[in-house]
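Asks: Okay, here's what each chain looks like letter by letter:
4 protein chains.
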Amino acid sequence: MKRVSIIGATGYAGSELVKLLTARADVEISSLVSTSNTGKLFSDVCKSMRYIADIPLSPLDIDKIASNSDAVFLSLPHGAGMEIAAAFVERGVKVFDLSADFRMQDQQLFERVYNTPHKRADLLSASAYGLAEFYEREIREAKIVGVPGCYPTAVLVPLLPLIKKRMIDTEHIIADCKSGISGAGKNPTETTHFCEVTVKPYSVFSHRHKFEIDDIIKRFTNIAADIVFTPHYVPVKRGLLAAIYTKSSFSKDELDKVYREFFAAKRYVRILSEPPSMQDVQNTPFIDIALFKKGGNVIIVSAIDNLLKGAASQAVQCFELCK
Amino acid sequence: MKRVSIIGATGYAGSELVKLLTARADVEISSLVSTSNTGKLFSDVCKSMRYIADIPLSPLDIDKIASNSDAVFLSLPHGAGMEIAAAFVERGVKVFDLSADFRMQDQQLFERVYNTPHKRADLLSASAYGLAEFYEREIREAKIVGVPGCYPTAVLVPLLPLIKKRMIDTEHIIADCKSGISGAGKNPTETTHFCEVTVKPYSVFSHRHKFEIDDIIKRFTNIAADIVFTPHYVPVKRGLLAAIYTKSSFSKDELDKVYREFFAAKRYVRILSEPPSMQDVQNTPFIDIALFKKGGNVIIVSAIDNLLKGAASQAVQCFELCK
Amino acid sequence: MKRVSIIGATGYAGSELVKLLTARADVEISSLVSTSNTGKLFSDVCKSMRYIADIPLSPLDIDKIASNSDAVFLSLPHGAGMEIAAAFVERGVKVFDLSADFRMQDQQLFERVYNTPHKRADLLSASAYGLAEFYEREIREAKIVGVPGCYPTAVLVPLLPLIKKRMIDTEHIIADCKSGISGAGKNPTETTHFCEVTVKPYSVFSHRHKFEIDDIIKRFTNIAADIVFTPHYVPVKRGLLAAIYTKSSFSKDELDKVYREFFAAKRYVRILSEPPSMQDVQNTPFIDIALFKKGGNVIIVSAIDNLLKGAASQAVQCFELCK
Amino acid sequence: MKRVSIIGATGYAGSELVKLLTARADVEISSLVSTSNTGKLFSDVCKSMRYIADIPLSPLDIDKIASNSDAVFLSLPHGAGMEIAAAFVERGVKVFDLSADFRMQDQQLFERVYNTPHKRADLLSASAYGLAEFYEREIREAKIVGVPGCYPTAVLVPLLPLIKKRMIDTEHIIADCKSGISGAGKNPTETTHFCEVTVKPYSVFSHRHKFEIDDIIKRFTNIAADIVFTPHYVPVKRGLLAAIYTKSSFSKDELDKVYREFFAAKRYVRILSEPPSMQDVQNTPFIDIALFKKGGNVIIVSAIDNLLKGAASQAVQCFELCK
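Residue numbers (this note's numbering), protein chains in the order written: chain X, 3 to 325; chain A, 3 to 325; chain V, 3 to 325; chain P, 3 to 325.
Treat the hints as calculated values from the structure; they're not laboratory data. Mixed in with the good hints there might be a few duds.
A pair holds if it fits inside one copy or across any two, identical chains being indistinguishable in the list.
[As the list claims (entries may be wrong)] Calculated pairs, DSSO-like style, for lysine-lysine (alpha carbon to alpha carbon, straight line, at most 27 angstroms):
id, residue 1, residue 2
1, LYS295, LYS49
2, LYS268, LYS42
3, LYS21, LYS249
4, LYS42, LYS254
5, LYS49, LYS254
6, LYS259, LYS166
7, LYS295, LYS259
8, LYS66, LYS239
9, LYS4, LYS239
10, LYS249, LYS145
11, LYS296, LYS49
12, LYS21, LYS239
13, LYS295, LYS220
14, LYS42, LYS259
15, LYS268, LYS49
16, LYS166, LYS4
17, LYS259, LYS49
18, LYS4, LYS325
19, LYS259, LYS249
20, LYS295, LYS254
21, LYS42, LYS66
22, LYS295, LYS4
23, LYS259, LYS145
24, LYS49, LYS4
Just so you know, these numbers come straight off a predicted model, no measurement behind them.
For reference, chain X alone in the conformation it holds in the complex:
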């Protein structure tokens, strides 16, 4: 039985963590922390979980939580949890951080992309990138696991094996991504207003996940990529679909073989022969991937649930590696 706590339990990703972890027989929830909802039950905020998770929401008491938790999940806004993560690490508790704070190991890159100083850059080298299919050993050994963003997950999982083997043209990688609205977070804004939601790209040429993707391609394959990445919102509550355009001089069979071999033992990766759909991965921990080729052109389509494989279930997958 592992005891875990979740800091930031009432956001969209945090709530999914609670759902996943309360459903497990081998995990015990020690504390659910929500600064804004202290005193309420978790199920007062996440009402679908009434009777299932009537757990009090507590304030953040690091010593107490550290003393009764084997692992801590942080689901806080970017920049808000750096010191908190460090405090748990100092108390010997492993941290799974769903924010961007510990995804990059290059402090300067982080500070440029997120436009904020990194308060605990000393810990970056002790962190692992929580893409479970690719960083198993590092995740197991690290003090902090920086769980990947939703877009990077959908783009990197299908790309990394092919780039590692130098089988696609890294000068030409375009990722056109479509995300459900929960990706914009729980805070009500004009973007998330029901009457304003439509199909629309945003942050063209400037989204922060582009830099996370390039960074991990470099770290995992030692190739400097500079991908073109365009996120769109679509009128769906949850789910994320990526269409990745690249080129290759290898045959479809050769590319398929890489997938078959690399993903053979990866239980949450499903390789399909037809295009994935957002619906088929909603409420699941899977990433569905299909690769198409014609002439020199390659199209890879991947789909995940942005709140699960793109956040909460990915964090749990990392946690499982560490048991």
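Starting from the structure of chain X, add chains A, V and P where the hints point.
Replies: For chains A, V and P alone, coordinates are given in the frame of chain X:
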């Protein structure tokens, strides 16, 4: 050519007014007022109207607007436009007010329901209820037209003719209503967050439109009703459907005859023999109505576009009566 | 370990049954039958279940299935499974039938409502109505469990305890119900075309579930009711919300007390103090219920997932009672 | 006053044609033809148009229609209207054909892409491609106007001016397109079932519009392109958004200048500085376009209403050119 101005041009109802009025050859827009967007163009805020309504948004200058407008439409939050309406009336400009401020003539009722003092109760007796099919003469003669709420429109249009003729049992009237999310306004809140929108009743036994409905039944028919009214939000951007349950000792033919006669010359009322649907009235100025009867039970279903027949096109309908 | 088979595994309710039953450690799937998809895997049809339920779909072989199943779930169109159910009963296998065929015990009523002869009326008296909270003993003892319809579940669960205690006015019961589109089944029709889906009532005064509701009220309470029932479709994939209007001379406290006592040990009934929402029960086996009272008027709002508590999870709930 | 007839008036594109043409003071509807709905009124099928277009649907009587129509719009399935178009041409009536039958002038290309013989290839040279911004003279002079497909419209309008001027790299053009479900037509299928609709690509590397796009690029610019084109369905009733990825050695200013000059007098093309959204063009005849550049990479985003600028309003735009 009539010159009109719209105060509060960038809310959902205000924007629809601009769309309707710019499309008319017989109307000229004098001023579009938006305090929060002064200096922008209307089409900077309501982007679908680029090239169609690239009209500057101005601050509120009552004297100037009064001098160049034959009529003024107010589309402001409840309570915010009482003095403004009065100022235009004092300058001899007819006011069509889409808020609740001039819908009731009983000051005490208004103050109890809206829980705020009425600053210009002196004008209530000079106001008309802008339900165009029922108050034509009053609308023409009044200084201020209080344009009805969306729910009252959907409920009152089918009920008033039958109640007036004493043909239904006013002790048993239940209105179960379903509204699109634009009914909650443009301000982003938890209620309007895309990921939170679902099918859900709200303000059970306490919605303010219940009192507006009872009040107009009393004024139009002299019968004191006390209807049961339940509003729901449904995941639709615009549209409103009401199912009204009552009883009658008259035959369906007799009830139908009342509709045929009363609505014969009402161009925006469509009497159907099958259930109305929200989609068939979206983006139209119509109210669709069908009446069903079995034994003593009557079900009347009506549908409107909440932003048009439930707000903007109803205001324009009143305006047309006054030309 | 119980061995179960599902006949009609690829419809919407059947698929949900497969999802629920494959997730259980105490159940083993013997056969999944789909006449139209024989030869495929279940996960070829229900693609979200790839890797989870890659189970072959077989033709209907009653002897084989009877020999290797402790229970059989039928999820077939009304009228299509009467003889199949009988064949399993004759082979000593308990049947959980999700169609309407064994919900009523009165042959004439069934034949009038469904406009088709009942081929195995001899078995009606050996069947139980599978509303688990009310017919526990009968469900345990019956040879066939007729699992309730989605609308009857949402309406009967909150009504039966109050009617049984003679605490509401059964002369005045109106149920205004809103269902997700999966309630219309998997067959593509104009009704289920994405571009035609909107908010709209259907089968006004004529829906078959009205008679099921009246019948069960009579059987459970010995009171002849004649409720007014109006179903609507709303643009939601799954979920069902009912607003039930009635009258009572008892206080809200007295009514609440009935609920508290009756539902105290019912694990899938959640009594709320605020209006239920469709979203809070989606993908759950719960029915959420809230009761409101003002003067003599009562409004009860209930919500279920039409494919779970309104079909598949209700069937599993019945199955659990029989272990 | 021009007299027009519409053959195929009750499909999604045909209905939009009726809406547009009945709203015009300078057009008179002679006949609305619907083989499957003969005898009904148009508004019996398209119920939102009750009171607006209560026009009888007639069978196809070519001589009669030819004698009372100045122009005919065909909105029939691909391949179904070739002989009908020819019959009108032979009677001297100009044809605006919304199908693919007269979009290509190369018979072999048509037959390969649509996998059907062209029955009236003799008329291909007398046809014009109805992309109004680019083929004004041809549209005016042709006997048949082949109105473009929805995807080609969204892709070609922004690309043609830049390719014509040799300012982008035609070896690298990728169009990732997202369409509302009305693009799949009115016929109910698994694809259009509300519960199956999600975000999903289809016809990867094989959609017929890719060949239409390449063909028109060749005809308009004399450059042989071979674009990569991926269509997706998204859960929206109407609307289409394209993200087009290419490369250019020209500056953003230089590219913008081409747009400014080319589209200066094109009233239905709106050049924006921020990403277009599907909602801003819904129910409008506009195409919204924005161009972004970083390094050598260009992203052009365009949005149309697939039923209007992608079908009906484009046809009317062509018709207007011919008055």
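Asks: Between LYS295 and LYS49, at a C-alpha cutoff of 27 angstroms, which is it: within one copy, between copies, both, or neither?
Replies: Result: close only across copies, 23 angstroms inter versus 46 angstroms intra.
Asks: With identical chains, the pair LYS259 and LYS49 could be close in the same copy or across copies; at 27 angstroms between alpha carbons, which is it: within, between, both, or neither?
Replies: Only across copies: LYS259 and LYS49 sit 23 angstroms apart there, 45 angstroms inside one copy, limit 27 angstroms.
Asks: Is it within a copy, between copies, both, or neither that the alpha carbon of LYS42 lies no farther than 27 angstroms from that of LYS254?
Replies: between (54 angstroms within a copy, 26 angstroms between copies)
Asks: Classify it for me, LYS4 with LYS325: is the Cα-Cα distance of at most 27 angstroms met within a copy, between copies, both or neither?
Replies: within (8 angstroms within a copy, 32 angstroms between copies)
Asks: 27 angstroms Cα cut-off: does LYS21 pair with LYS249 within a copy, between copies, both or neither?
Replies: Neither way: LYS21 and LYS249 sit 40 angstroms apart in one copy and 39 angstroms across, limit 27 angstroms.
Asks: How would you label the pair LYS49, LYS4 (within, between, both, or neither) given a Cα cut-off of 27 angstroms?
Replies: within (26 angstroms within a copy, 33 angstroms between copies)
Asks: Pop the pair LYS259 and LYS249 into one bin, within, between, both or neither, using alpha-carbon distances up to 27 angstroms.
Replies: within (17 angstroms within a copy, 31 angstroms between copies)
Asks: Between LYS295 and LYS4, at a C-alpha cutoff of 27 angstroms, which is it: within one copy, between copies, both, or neither?
Replies: Neither: 45 angstroms inside a chain and 46 angstroms across chains, both beyond 27 angstroms.
Asks: When Cα atoms must be at most 27 angstroms apart, do LYS295 and LYS220 count as within-copy, between-copy, both, or neither?
Replies: Both, since 25 angstroms and 24 angstroms are each at most 27 angstroms.
Asks: I want to check one pair: LYS4 and LYS239. Are their C-alpha atoms no more than 27 angstroms apart within a copy, between two copies, both, or neither?
Replies: neither (31 angstroms within a copy, 37 angstroms between copies)
Asks: Please work out whether the CA atoms of LYS259 and LYS145 approach to 27 angstroms or closer within one copy, between two copies, in both situations, or in neither?
Replies: neither (35 angstroms within a copy, 53 angstroms between copies)
Asks: At most 27 angstroms between C-alpha atoms: does LYS268 with LYS49 qualify within a copy, between copies, both, or neither?
Replies: between (34 angstroms within a copy, 18 angstroms between copies)
Of the hints listed earlier, those the structure fails to meet are numbers 3, 8, 9, 10, 16, 22, 23, in rising order.
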